[in-house]
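Student: In case you want the letters, here they are:
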Amino acid sequence: MNMLELRQVSKSYGQGSAGVQALREVSLTAGEGTMIAVMGPSGSGKSTLLTIAGTLEMPTSGEVLIAGRSIARTSRAGRALLRRRLIGYVFQDFNLLPGLTAAENVSLPLELDGMAGRKARAAALTALDWLGLAGRAAHYPDQMSGGERQRVAIARAMVGDRRLLLADEPSGALDSVNAEAVMRLMHDACKNAGMTAVIVTHDAQLACWADRVVFLRDGQVTDQTAPAPGPESLLTPDRDQ
Amino acid sequence: MSVRHAMLALLSEGPKYGLQLREEFEARTGEVWPLNVGQVYTTLQRLERDGLAESGEDDGEGPQKAFRITAAGERELARWLRLPPDLSSPPRDELVMKVLIALHVPSADVHVVIQAHRRYLVELMQQWTRIKEDDAGSDLNMSLAVDAELFRLDSVVRWLDAAEARIRRAAASGAPLSAAPRSPVRAPLPRHRREARTQR
Chain A
1 MNMLELRQVS KSYGQGSAGV QALREVSLTA GEGTMIAVMG PSGSGKSTLL
51 TIAGTLEMPT SGEVLIAGRS IARTSRAGRA LLRRRLIGYV FQDFNLLPGL
101 TAAENVSLPL ELDGMAGRKA RAAALTALDW LGLAGRAAHY PDQMSGGERQ
151 RVAIARAMVG DRRLLLADEP SGALDSVNAE AVMRLMHDAC KNAGMTAVIV
201 THDAQLACWA DRVVFLRDGQ VTDQTAPAPG PESLLTPDRD Q
Chain B
1 MSVRHAMLAL LSEGPKYGLQ LREEFEARTG EVWPLNVGQV YTTLQRLERD
51 GLAESGEDDG EGPQKAFRIT AAGERELARW LRLPPDLSSP PRDELVMKVL
101 IALHVPSADV HVVIQAHRRY LVELMQQWTR IKEDDAGSDL NMSLAVDAEL
151 FRLDSVVRWL DAAEARIRRA AASGAPLSAA PRSPVRAPLP RHRREARTQR
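Residue numbers (my numbering), protein chains in the order written: chain A, 1 to 241; chain B, 1 to 200.
Hints listed in this document are in silico derivations from the structure and should not be mistaken for laboratory results. Treat the hints with care, since some could be wrong.
What the hints assert, rightly or not - Listed next, with one range per pair, are the computed distances between beta-carbon atoms: (1) A:S176 / B:P34: 45 to 55 Å; (2) B:S155 / A:L97: 36 to 46 Å; (3) B:H111 / A:M58: 47 to 57 Å; (4) A:R76 / B:R168: 37 to 47 Å; (5) A:A134 / B:H111: 44 to 54 Å; (6) A:G68 / B:S89: 49 to 59 Å; (7) B:H111 / A:T29: 35 to 45 Å; (8) B:G56 / A:P227: 36 to 46 Å; (9) B:A172 / A:S70: 18 to 28 Å; (10) A:G31 / B:R28: 51 to 61 Å; (11) A:M58 / B:P85: 30 to 40 Å; (12) A:D175 / B:A71: 40 to 50 Å.
The C-beta atom is built at its ideal place from N, Cα and C for all residues, glycine as well.
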């Protein structure tokens with residue numbers, strides 16, 4: 001099943017000569033367990049695509065389906081429920097609450113959704129453990145490195161039954177080693193935990209962790225990579241003996 | 001890639017056979033640069049000829065012949081490790097040439113040309129990333145060699161991004177895409193090249 005499907009999605013802001021066409025008939029599908037990267041320069045519509053995929057905004061035209069369900073035919077309350085239970089967001093600047101510990105930051109969305117505190121905390125500890133942060137559960141964000149904070153943000157985006165991970169420049173504030181660690185974790189979340197991820201980035205080295213890279217330009221999908229062959233072709237020895 | 005100096009580096013650890021050198025070379029370079037046996041023995045013969053490696057009568061014959069580094073070889077290895085490769089002259093890069101030419105071919109859309117190369121580079125980078133993925137960072141040599149290749153390809157993608165932005169800006173401002181031919185301007189030499197010239 002496709003976890004996310006965008007069909008001919010367009011989005012415009014304003015009207016007439018002052019209007020801006022942020023997306024033009026964008027079609028995109030992301031099956032379960034796949035990781036997709038969206039690359040493009042500033043102003044190409046990457047972030048708009050992500051906010052529409054995350055149901056934070058509605059398209060001007062076209063259709064968005066999440067887990068096979070049409071967003072246009074879902075009530076406002078239904079969309080809020082989808083956002084709370086099915087979709088996790090990761091941002092460049094982590095967006096952690098400074099007054100809460102790592103475990104409290106991760107369990108907060110579950111508690112806000114009505115889950116009992118003890119159960120939410122157990123789920124948060126499981127998510128932190130999966131991301132290698134079991135020993136940091138009681139630490140506050142300012143006691144952690146940038147890489148650790150982003151891992152907490154990923155734990156928060158994956159906690160509970162969330163299946164769709166939407167990330168906007170998730171490693172933009174990290175050095176290359178930590179950035180790679182974050183991409184590796186999101187890749188593992190797709191391959192081993194069945195998550196689906198759409199990651200927006202302008203960084204080719206990070207985009208390359210995805211199964212497919214989609215190129216966006218002036219609000220349009222202009223191109224995408226073919227399914228990547230295995231690395232064997234790079235390593236086949238050319239020996240004469 | 002200097003196979004000659006890589007062989008010297010391996011011999012600096014102690015005497016080794018030709019086949020052993022090939023296996024260790026590939027392991028040290030993360031198996032990114034395959035090497036055939038013929039190259040190994042040709043290189044060893046040249047090292048012997050130049051007095052940088054040696055093999056005695058007691059060192060066996062054929063594949064069982066062991067080679068060791070000489071004192072001159074040790075000095076040559078130390079000199080080579082510290083010597084920066086000559087990166088001061090811009091290479092005649094085929095990709096750069098294609099983009100520059102596409103700008104002036106009426107039937108070519110330079111943006112389509114740029115995107116074709118960008119997609120190819122990203123696909124290549126995806127393949128290199130798969131190696132890191134499978135390896136999970138446990139092989140340091142492999143990680144370093146793959147990183148080097150990824151950074152190299154990434155720099156070309158960045159150049160394509162910058163080139164495209166520059167071309168768009170020029171087109172938006174109505175500036176001509178080609179300038180009248182000028183007399184060539186010689187770029188100033190980097191400091192270490194100037195010093196090298198002065199010393200000659």
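Student: Against which earlier hints does the structure fall short, listed by number upward?
Tutor: 1, 3, 7, 8, 9, 10 and 11
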